[in-house]
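Chains as they are written, first to last, in my numbering: chain U, 856 to 1133; chain A, 3 to 252; chain L, 737 to 1084.
None of these hints come from the bench; they were simulated from the model.
Careful: at least some of the hints might be erroneous.
[Unchecked claim] No more than 27 Å apart at the CA atoms, straight line, and that leaves these computed lysine-lysine pairs for DSS-like:
| no. | chain 1 | residue 1 | chain 2 | residue 2 |
| --- | --- | --- | --- | --- |
| 1 | U | K872 | A | K73 |
| 2 | A | K150 | U | K869 |
| 3 | U | K857 | L | K798 |
| 4 | A | K180 | A | K150 |
| 5 | A | K224 | U | K934 |
| 6 | U | K857 | L | K1019 |
| 7 | A | K180 | L | K766 |
| 8 | L | K1071 | L | K939 |
| 9 | A | K216 | A | K159 |
| 10 | U | K887 | L | K818 |
| 11 | L | K1019 | U | K884 |
| 12 | A | K224 | L | K818 |
| 13 | A | K236 | A | K224 |
| 14 | U | K887 | U | K1015 |
| 15 | L | K818 | U | K1077 |
| 16 | L | K1019 | U | K1127 |
| 17 | A | K7 | A | K73 |
| 18 | A | K236 | U | K934 |
| 19 | U | K857 | L | K1071 |
| 20 | A | K7 | A | K180 |
| 21 | U | K924 | U | K857 |
| 22 | L | K939 | L | K888 |
| 23 | L | K798 | L | K888 |
| 24 | U | K1015 | U | K1081 |
[Unchecked claim] Covered, in the sense of this in silico footprint (three residues per stretch, anywhere, with C-beta under 8 Å from a C-beta of chain A), are these stretches of chain L:
| no. | region |
| --- | --- |
| 25 | 769 to 776 |
| 26 | 971 to 979 |
| 27 | 992 to 998 |
| 28 | 1059 to 1066 |
[As the list claims (entries may be wrong)] Short derived list, chain L residues pointing at chain A, Cβ under 8 Å:
| no. | residue |
| --- | --- |
| 29 | V983 |
| 30 | S1011 |
| 31 | N1014 |
| 32 | E1029 |
| 33 | S1031 |
| 34 | K1048 |
| 35 | S1050 |
Cβ coordinates follow ideal geometry from the N, Cα and C atoms, glycine included.
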Amino acid sequence: MKRLQLVDSPYLVKEAKVCEVRQMTEHEKYFKLMLRDEPDLDHEPGQFVMVSIFGVGEAPISICSSPTKKGYFELVVRKVGKVTSAIHRLEVGDTVGIRGPFGRGFPVRILEGNDLLFVAGGLGLVPLRSLVDFVIDNRRDFGRVHILLGCRSPKDILFKDEVESWARRIDVDFSCTVDRADPDWKGNVGLITSLIPGVDLDPTRTFAVVVGPPIMYRFVIKELLKKGIPEKQIIVSLERHMKCGIGKCGHCQIGNYYCCQDGPVFSYDEIKDNLEAL
Amino acid sequence: MKKVKVAFFDFACCEGCQLQVANMGDLLVDLLDRIELVEFREVMSERGGDYEVAVVEGSITTHHDIERIKKIREKAKILIAYGACACTGGVNGMKNDFDLEDVKRYVYQDKADWFDTVPTMAVDQVVKVDYYVPGCPVYIPEFVRVLKCVLQGLPYKVPDYAVCVECKFNENECMYDKGITCLGPITRAGCNSWCTNNGNICYGCRGMVSNPNKNAQMEVLKRYGIPLEWIINKFNMYNRAKEIQPQEKE
Amino acid sequence: MDQYYRLNKTECREFVGALTSRYQVVAPVKRGEKSFVFARISSPDEIASPEEYIPTIIPPKKYFFPQRETILEYDAVAQRQKAVMEYEKVVIFGVRTCDLAGIQCLNMVFSERPRDVNYLIRKNKLIIIGMECWDYCDEHALCALMDNHLPKGGYDLFFSDLGDYHLIHVNTEVGEEIVRSIGVFTEATGEDLKRLQEFREKKRSAFDTGIDLSHPELMDLFANCEDARVWEELGERCLSCGNCTTVCPTCYCFDVIDEINLDLRTGERFRIWDSCQNEDFAKVAGGESFREERSGRQRHRYLRKFKYPLAKYSRFFCTGCGRCSRACMAQIHIKETIKALIAERAGV
């Protein structure tokens, strides 16, 4: 067996430096990264990267920062397995491998000029934050903006300071609910679906962008359809197992789609008849 | 790099896994650059001292074993169960099919009262186990892989798919095509189908996959005219004491 | 113009002998009572007799897309990496038309952007010599239904046994070079081509499909079968052993795994065949599996052969080789599944 060196292999990683690490909750850590050889990741909101630790492996991670933030990008990683455990051990100054950005992000060009309803459940806020920040940084280009956030409990709210700053903005209509309150909690208690009927929106010109755990989609979409939002104006981002990021390894397949290339962002009308999507 | 102190212990077993490790050859030399052996009965005469990693072979079959494994667990930061006896109880588990007193009388006859025995247990039925290396004996490439995970501080997951996967990679003629029963379809892979590569059947020494399709397997056996009891006996040879627990996965 | 040569059977040994002296040659050899594998040969006697041959345990895809292949070497401490591809220059002799079709399918997948460089470089290092079948190899073959019982390119040379001699079609310059350098061939005449046509004519009746469906009908059958009861039934029988996908000439799913050396700094990242039939295949880190049931996994396997690739590549990804049926201990047979779907649709 002979070995050839490849200079154009899609498996080569880009080097990135860790410039900030923050423990967010018990299982989630925040990382701010800078590419060594490129000024920017040049991504779209909603895209993801493969994070690579030599000797351990790779894992697909959503980018949670907006491309309007120049010179760096941000990730939030939940510790669930071998690779994410190794990522959690990274410290400021360490180097990590990055492949990507991969996939089809949120359709920002189409969203422009329309009203937006963000629905984030739990960790779903992470990919959605890349779009929320993009919209806030280009606020004039969009219509009304509603943000609905659902979490298991108050201590599970990610990006708490930022979320509070969204709540204070006059150009954002923000609501939040938790499944289980703690004694200090003064907000809503209940499932995120309970917030949807109360939102004042014009369904013809509203795009709903929904990201959350798999179980959430079906219930939230039902409520959104009840509000009269057309199927093609409901946008979701789906999580799947991924190994290659380039539409080959087969793990992320959803019916005829490869989530890593055709997704992770889909409109509801693209996937509603797909048995394996939601 | 600081060497990690490792101690090997054995309980009820044939010490065949230790023998596999002792016979590793050059790989063992490389390994000794990383670890410091503080106890290993088959290769060392002196013993003792502190250890961070305990590598435990054999199943737990006496009250004395129970106390000893608890002490090892207390001392060790990391405990690796290696070999079928430690992971699933192994062949010693066959004892559990009989009355304990009868077993004792049969083995020790008139001296039976001198000996203590309890039903065979896998190590994790007594203490917490951090890593598993199943198999009778352990498959050395997997054993080394697990040690590297230990040294890296990372979890290791025993594959949860059938031995058939690896057996097909190796293009062995299927035992069922030869009219021979084989436990490959329901046994966890990770051994690179070691036995079937060498013309033997799979005896299920690595334990069952976490979600075997039992009804379907019975249908297959019926079709090949194999009595169910026969296959249960065969599987119980290694797995009577317990099934290996499903573990976390990335 | 199409170029054809004759090779008298008496010269066959000399041809294979010359081939093995010039190249590394692999061909189907007998592995067990009822099984064959593609393996390295050093003499023509090792090649399995075409009368006995049934498709090898694993198709020749293993030369194009090996079971395990290193894609990256690295030094985790120095953060150095080197992308690599592994290859061997090999002549694959005796590739049947079903397997030629399989290679064509893989070519499409791996050349689709983003391209798989490892595969694409490796495939050009391989020389393919095809061989025609004149009858079904066994009851599991369905190559005629998939229209893969006749050669449709994908080879350098193609051998058709016409009795006392082979007629050889030269499809590439590489093939022509082999013919020219091993001087045992004679140029074919119009008579020989006529004879080939007669043999192919006879093939029509030998390769009765047994399932009366045109390709558009087959497409239609699988286009709307998601809710079929068949999948539940297959799910109950399936052992999830993964045999069907490992032996399939068009299954290409893989896992990517890191293996660090004992120095805990250098190591390799490799990819290894994976199977959609395995329990964990579609499980995400959080534990959610998107094809938890065996029925869903079996359906997925069938749709990846008979539905999804039609939209993407305009062809079926079942080559009709029958390997999945042969390798299934639970006797999940592709022909039976198709018949059950037809019956179910007819309301039987």
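Results of checking the hints against the structure:
1. K872(U) / K73(A): Not satisfied, since the Cα-Cα distance of roughly 44 Å exceeds 27 Å.
2. K150(A) / K869(U): holds, 26 Å
3. K857(U) / K798(L): holds, 16 Å
4. K180(A) / K150(A): violated, 39 Å
5. K224(A) / K934(U): At roughly 45 Å apart (the allowed maximum being 27 Å), K934(U) and K224(A) break the hint.
6. K857(U) / K1019(L): violated, 35 Å
7. K180(A) / K766(L): holds, 14 Å
8. K1071(L) / K939(L): holds, 20 Å
9. K216(A) / K159(A): holds, 23 Å
10. K887(U) / K818(L): Given that 27 Å is the threshold and the Cα spacing comes to 26 Å, the pair holds.
11. K1019(L) / K884(U): holds, 22 Å
12. K224(A) / K818(L): violated, 52 Å
13. K236(A) / K224(A): Distance ~16 Å between K236(A) and K224(A) Cα, so the pair holds.
14. K887(U) / K1015(U): holds, 17 Å
15. K818(L) / K1077(U): violated, 49 Å
16. K1019(L) / K1127(U): Given pair K1019(L), K1127(U) holds - Cα atoms ~21 Å apart, limit 27 Å.
17. K7(A) / K73(A): The given pair, whose Cα atoms are some 17 Å apart, holds under the 27 Å limit.
18. K236(A) / K934(U): Since the Cα atoms of K236(A) and K934(U) sit roughly 40 Å apart, the hinted pair is violated (cutoff 27 Å).
19. K857(U) / K1071(L): Distance of about 41 Å is beyond 27 Å: violated.
20. K7(A) / K180(A): violated, 48 Å
21. K924(U) / K857(U): violated, 45 Å
22. K939(L) / K888(L): With Cα atoms ~15 Å apart, K939(L) and K888(L) stay inside 27 Å; holds.
23. K798(L) / K888(L): holds, 21 Å
24. K1015(U) / K1081(U): Not OK: K1015(U) and K1081(U) at ~30 Å, beyond 27 Å, violated.
25. 769 to 776: With 4 residues in contact (Cβ-Cβ under 8 Å with chain A), the coverage given for the region 769 to 776 of chain L holds.
26. 971 to 979: Contact hint for the region 971 to 979 of chain L vs chain A: holds, 8 residues under 8 Å.
27. 992 to 998: holds (count 3)
28. 1059 to 1066: holds (count 3)
29. V983: Check passed: Cβ of V983(L) comes within 6 Å of chain A, closer than 8 Å.
30. S1011: holds, 6 Å
31. N1014: Constraint on N1014(L) satisfied, holds at 4 Å.
32. E1029: This interface hint is violated because 10 Å lies over the 8 Å limit.
33. S1031: Violated. Min distance 11 Å.
34. K1048: violated, 26 Å
35. S1050: It is violated, given that the least Cβ distance between S1050(L) and chain A is near 30 Å, above 8 Å.
Hints 1, 4, 5, 6, 12, 15, 18, 19, 20, 21, 24, 32, 33, 34, 35 from the earlier list are contradicted by this structure; the remaining hints agree with it.
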